Amino acid sequence: MADRPPLPPFTRETAAQKVQAAEDAWNTRDPRRVALAYSEDSVWRNRDTFVNGRAEIVDFLTAKWEREHEYALRKDLWAYDGNRIAVRFQYECRDADGQWWRSYGNELWEFDEHGLMTRREASINDTRIEEKERRLFGARPEAERGRSFPLQ
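Sequential numbering from 0 applies to the sequence shown in numbering that gives the first Met the number 0.
Hint data in this document are derived by calculation from the structure and do not stem from the laboratory. In this text the structure is predicted, and so the values were computed from the model without any measurement. Check the hints yourself; a few may be wrong.
[Said to hold, decoys possible] Taking CB as the label site, the calculated pair distances span:
1. Trp-100 with Asp-58: 18 to 26 Å
2. Arg-127 with Leu-6: 36 to 44 Å
3. Asn-124 with Arg-144: 42 to 50 Å
4. Asp-80 with Arg-127: 30 to 38 Å
5. Asp-80 with Phe-49: 37 to 45 Å
6. Leu-150 with Ala-1: 31 to 39 Å
7. Asp-2 with Gly-52: 27 to 35 Å
Where is the CB? At the ideal position from N, CA and C, for every residue including glycine.
Start from the sequences, fold in the hints, and give me the full structure.
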């Protein structure tokens, strides 16, 4: 099995690198690419949905991004310890009816010794927004990397 650096135990710098790498991957909206960051037997709770293993992760993300158009995500390191990282995030997308949404969430991540995520727990709340209220457009520009984002 190939390592996926950075590897635990995490420092502030390596935890931040892991968070930025996840944000970058999710912003591609490529389920297969994103799934490579997770162990073959990774377990997830995403809202009220439970996902087991890489194949189910690909299926879950494929369905997600078929529903969530113009998806743009920002993640922010909240805390880290050993092989665990806590993240807060926001993303925006539009549904098939044209309604824009901003979703706020927190994730708990756990990694194996190879740097693959073995566990992901995500709690997420959605808020309707008007198109003019959008503030996330595509991947994070290089000049904004490492910066936190506003709560509202």
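Hints and how they fare:
Checked against the given bound of 18 to 26 Å, the beta carbons of Trp-100 and Asp-58, roughly 22 Å apart, stay inside it. For the pair Arg-127 and Leu-6, the beta carbons lie near 40 Å from each other, so the given range of 36 to 44 Å is met. Separation of Asn-124 from Arg-144 is about 25 Å and departs from the stated range, judged on CB atoms against 42 to 50 Å. In this structure the supplied range 30 to 38 Å holds for Asp-80 paired with Arg-127, their Cβ-Cβ distance being about 36 Å.
The given range of 37 to 45 Å is broken by Asp-80 and Phe-49, whose C-beta atoms sit roughly 25 Å from each other. Separation of Leu-150 from Ala-1 is about 38 Å and conforms to the stated range, judged on CB atoms against 31 to 39 Å. For the pair Asp-2 and Gly-52, the beta carbons lie near 20 Å from each other, so the given range of 27 to 35 Å is not met.
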